[in-house]
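Chemist: Sequence:
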Amino acid sequence: MAISRAYFMARQICQNEEFFLRHNIMIGVNPDITVTGNSIGAAAMLSIVSLAKQRPARFDSIVTGAVEHNGDIEGVGEIIPKVEGAVQHGLQRIIIPMLNGQEVADMAGIEIVPIVGCQEVVDEMMC
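Residues in the sequence shown are numbered consecutively from 1266, following my numbering.
Note that these hints are calculated values from the structure, not bench results.
A portion of the hints provided could be inaccurate.
The calculated lysine to aspartate or glutamate pairs, modelled on DMTMM-like cross-linking and capped at a C-alpha distance of 20 angstroms, are [to be verified]:
#: 1; residue 1: K1347; residue 2: E1368
#: 2; residue 1: K1318; residue 2: E1389
#: 3; residue 1: K1318; residue 2: D1371
#: 4; residue 1: K1318; residue 2: D1297
#: 5; residue 1: K1347; residue 2: D1297
#: 6; residue 1: K1318; residue 2: E1376
#: 7; residue 1: K1347; residue 2: D1325
#: 8; residue 1: K1318; residue 2: E1385
#: 9; residue 1: K1318; residue 2: D1388
#: 10; residue 1: K1347; residue 2: E1389
#: 11; residue 1: K1347; residue 2: D1371
Build out the structure end to end from the sequences listed, making use of the hints.
Modeler: Below, the structure written as structure tokens:
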């Protein structure tokens, strides 16, 4: 469900129907990584937009969030370990759902950018 919503929102944001008709897009996840829940949705959506627009995403940042059918980014579980992991990997920023903002507001070592929608993810992450 997370990937299909991500694909749907990426198509809406890109407004490049020809690209999506010409390309069969597949999203793969490293088999050593366990993915549970919908928190991969925002990252998957961003990856598809980056591919369709042929523009890279920022390399110093990471994003997490569940993509809803209306384009909202919903909160995710385990936000504290996700932020800690971003810090441990030397990232400078993490884009998170606004709904998770209070949980990590006081964490140090990384810029935390709360967002509410898919377009904000693209605006914050595209080079």
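Chemist: Decide, hint by hint, whether the structure agrees.
Modeler: Do the hints match the structure? See the list:
A threshold of 20 angstroms between alpha carbons decides the hint, and for K1347 with E1368 the separation of about 12 angstroms falls inside it, so the pair holds. For a cut-off of 20 angstroms, the pair hint linking K1318 to E1389 stands: about 15 angstroms separates their Cα positions. Under the criterion of a C-alpha separation no larger than 20 angstroms, the hint pairing K1318 with D1371 is inconsistent with the structure, at around 35 angstroms. Using a Cα cut-off of 20 angstroms, the hinted pair K1318 and D1297 is violated, with the two alpha carbons roughly 29 angstroms apart.
The hinted pair formed by K1347 and D1297 meets the criterion: a straight-line CA distance of about 17 angstroms does not exceed 20 angstroms. Restraint check: the Cα-Cα separation between K1318 and E1376 comes to about 26 angstroms, which exceeds 20 angstroms; the hinted pair is violated. Taking the CA atoms of K1347 and D1325, the gap is near 15 angstroms; set against the 20 angstroms cutoff, the hint holds. A distance of roughly 16 angstroms separates the Cα atoms of K1318 and E1385; the hinted pair therefore holds under the 20 angstroms criterion.
Proposed proximity of K1318 and D1388 is supported: the alpha carbons are some 13 angstroms apart, at most 20 angstroms. The hinted pair formed by K1347 and E1389 meets the criterion: a straight-line CA distance of about 18 angstroms does not exceed 20 angstroms. Restraint check for K1347 and D1371: the C-alpha separation of about 14 angstroms stays at or below 20 angstroms, so the hint holds.
Checked against the numbered hints above, the structure breaks hints 3, 4, 6 and satisfies the rest.
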